[in-house]
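So the chains spell out like this:
2 protein chains.
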Amino acid sequence: MKIKPFNPPVRTLMGPGPSDVHPRVLTAMARPTIGHLDPAFIVMMDEIKQMLQYAFQTKNALTIPVSAPGSAGMETCFVNLVEPGEKVIVCANGVFGGRMKENVERAGGVAVMVEDAWGTPVDPNKLEDALKNNKDAKLVAFVHAETSTGVQSDAKKLTEIAHRHGCLVIVDAVTSLGGIALKVDEWEIDAIYSGSQKCLSCTPGLSPISVSERAIEKIKNRKTKVQSWFLDLNLVMGYWGTGKRAYHHTAPINPLYGLHEALAMLQEEGLEKSWARHQHHYVALRSGLEAMGLSLLVKESARLPQLNAVMVPPGVDDAKLRSRLLEEYNLEIGAGLGALAGKIIRIGLMGYGANMKNVMYCLEAIEAVLSDMRAPIQTGVAMNAAQSAAVLN
Amino acid sequence: MKIKPFNPPVRTLMGPGPSDVHPRVLTAMARPTIGHLDPAFIVMMDEIKQMLQYAFQTKNALTIPVSAPGSAGMETCFVNLVEPGEKVIVCANGVFGGRMKENVERAGGVAVMVEDAWGTPVDPNKLEDALKNNKDAKLVAFVHAETSTGVQSDAKKLTEIAHRHGCLVIVDAVTSLGGIALKVDEWEIDAIYSGSQKCLSCTPGLSPISVSERAIEKIKNRKTKVQSWFLDLNLVMGYWGTGKRAYHHTAPINPLYGLHEALAMLQEEGLEKSWARHQHHYVALRSGLEAMGLSLLVKESARLPQLNAVMVPPGVDDAKLRSRLLEEYNLEIGAGLGALAGKIIRIGLMGYGANMKNVMYCLEAIEAVLSDMRAPIQTGVAMNAAQSAAVLN
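Chains as they are written, first to last, in the numbering used here: chain A, 1 to 393; chain B, 1 to 393.
Calculated directly from the structure, the hints in this document are not laboratory data. There may be inaccurate statements among the hints.
Identical chains share a label here; the pair holds if one copy fits it or two copies do between them.
[What the hints assert, rightly or not] Derived DSS-like pairs: lysine-lysine, alpha-carbon spacing no greater than 25 Å straight-line:
#1 Lys87 x Lys59
#2 Lys273 x Lys4
#3 Lys244 x Lys299
#4 Lys244 x Lys320
The following block holds chain A by itself, in its conformation from the complex (with noise of 0.2 Å):
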């Protein structure tokens, strides 16, 4: 057995995420480690608190990131959240509203399904007639920014019909949180988590979360504990709070010293700035692949521009493409899911990711493989169209 060191090739990230890395997060990964317990490790901890409520658009004193993926993050707010027997509607528009309704029955919550079409929007209304008809619902749960799709629902409106009728709220802000219009605050949100991976710009393994204090009321006034020691916030606090910190698990250090580098790169640039150079690639991209005859699945007015789920052209094998982006370009873009598995691919652009050099190398190398595939497509137009968007925009 001689195995040796792993050397990765180099990608170009436009996925569902993990997104490209920029160079400052990846070279803050390899700093030295300390521990979990040093005085400095604690200021950074409470910086990366600050830059978090920041991204969150929050004052939330419980804003940290949880010390494993989104997944994680998610399991976070249902463990917490959800007593045993409690009524969840959960709105499922895409993968991660199915993954929701798993984590509210584990957790022992009765989990009550709204149900839309995959790649469109939750309907506010369906969400107002089920909670007139579960006047025991105790908590609503909606993704934010759906990754299997590339729909965006509306969290400040769900929210509100949330609460109007006494619930709170459990909302999925993985691929939103940094690359779209996201206010905890503004909007009262009451739990949110997202990931490291997508318009973060840093590599995977954590879970940003922020958890009101009317959601830390219901916490602290379970009548069971909290069914995941690792997961359990009330302990959780007790090393990320703000008293003297106690040991409660070993935090990964180099990651968070890599989330510490990205969120300062955030603040650097700035939020709504972020929030624009997604849109302006978007835009960007959009053109490029109109350009060309592609069209997109999700209609304008609910579209993700760090997410593009894009139709498959007919004849086409989707994967037969997708693994020549890989193999000859060193692109990785997604896969359809589900029922979707096949029809869309799926384009990211995220974070550090977000960039016109990105834009233009994928419009390039697909419009390369599609014209080589003999799929009906416009050719020699990707670049040109992009370049005029970026100008335009």
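Please build the complex by placing chain B on the supplied structure of chain A, with the hints as guidance.
For chain B alone, kept in the frame of chain A given last:
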């Protein structure tokens, strides 16, 4: 708000972990991020599994890193193997036995505690008695290397007793993997978890686990769903298994680069040589400590070479000692926990950190600070003692 990039101080990590990380591992952490389903990444995952099998000395197919710190590895074993209502014998002789009890209870199990004094190993006779008195027990759980006290228990014997009574065992090997002899197949351990940040010289954040076929049978035949979606091994195996890989959660790509490099280094050195190196430097450290007149908490036969619990000399404020070592020498050592707070300090010699430079530096620094604090120790002996131990050994 102007938060600058974080440049950590360069510490020498000789506490209970994280331990010093090898520069090769840090460098690996900064390699370019690729996708979690990239064919190149899947090759690397397979290599990690193979190298973890070597480290654990097992052929178990389910030998993988959990995408979160050691506490999540512990929780993975308990939530998958404990079904509601099942009785679990938990041997506790330190902090981590107590944490196991929490895990059993939160998984709906009934914990029967076998208590031994902190600083002593688990008594096999007590386990035998507990099993005789609890014929309905399904599982036995114990800690191989108690990080809170520096005690080693006889994992082989405890496993044998458990099996004789028809129980499966769950073993905590967070601090033992790579540091002392551990033979999962030979000792017939059913489920075991460790941490990346101890004797593997890697950064914290990952938890290698290994699960036997017998334990997998139990998991597959559960009557209830595993309560954690994120840690459900039935789902995780869809991603880490041998067939076509399905997305479960987004793996922490760069930390896995680090683990791959750390495991490659373990292979290069050889597992037995790594165990011997830990023993070698422990002898040097012990020699120096004893020459100074300091004594160790744990009796020689049960001592962990990689984690030394040293009695605080009379009249010495251990917090002051530790903070002076950190501030004046950039040297981190650990505090006592629970009933041992203030009574012991913990000196780790783990992974890459188990080297002569660290041993001598630590002895010199402790001697210097204790002398300055007017502690009743012999002075002028530390380095001589360490040097002679190094030569003798």
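Each hint tested on the structure:
1. Taking the shortest alpha-carbon separations for Lys87 and Lys59, neither the intra-copy value of 28 Å nor the inter-copy value of 44 Å comes in at or below 25 Å.
2. For the homomeric pair Lys273 and Lys4, the shortest alpha-carbon distance between copies (19 Å) is at most 25 Å, but the shortest distance inside one copy (43 Å) is not.
3. Taking the shortest Cα distances, Lys244 and Lys299 never come within 25 Å of each other, neither inside one copy (50 Å) nor across copies (33 Å).
4. For a Cα distance limit of 25 Å, the shortest separation of Lys244 from Lys320 across copies, 16 Å, qualifies, whereas the shortest one inside one copy, 55 Å, does not.
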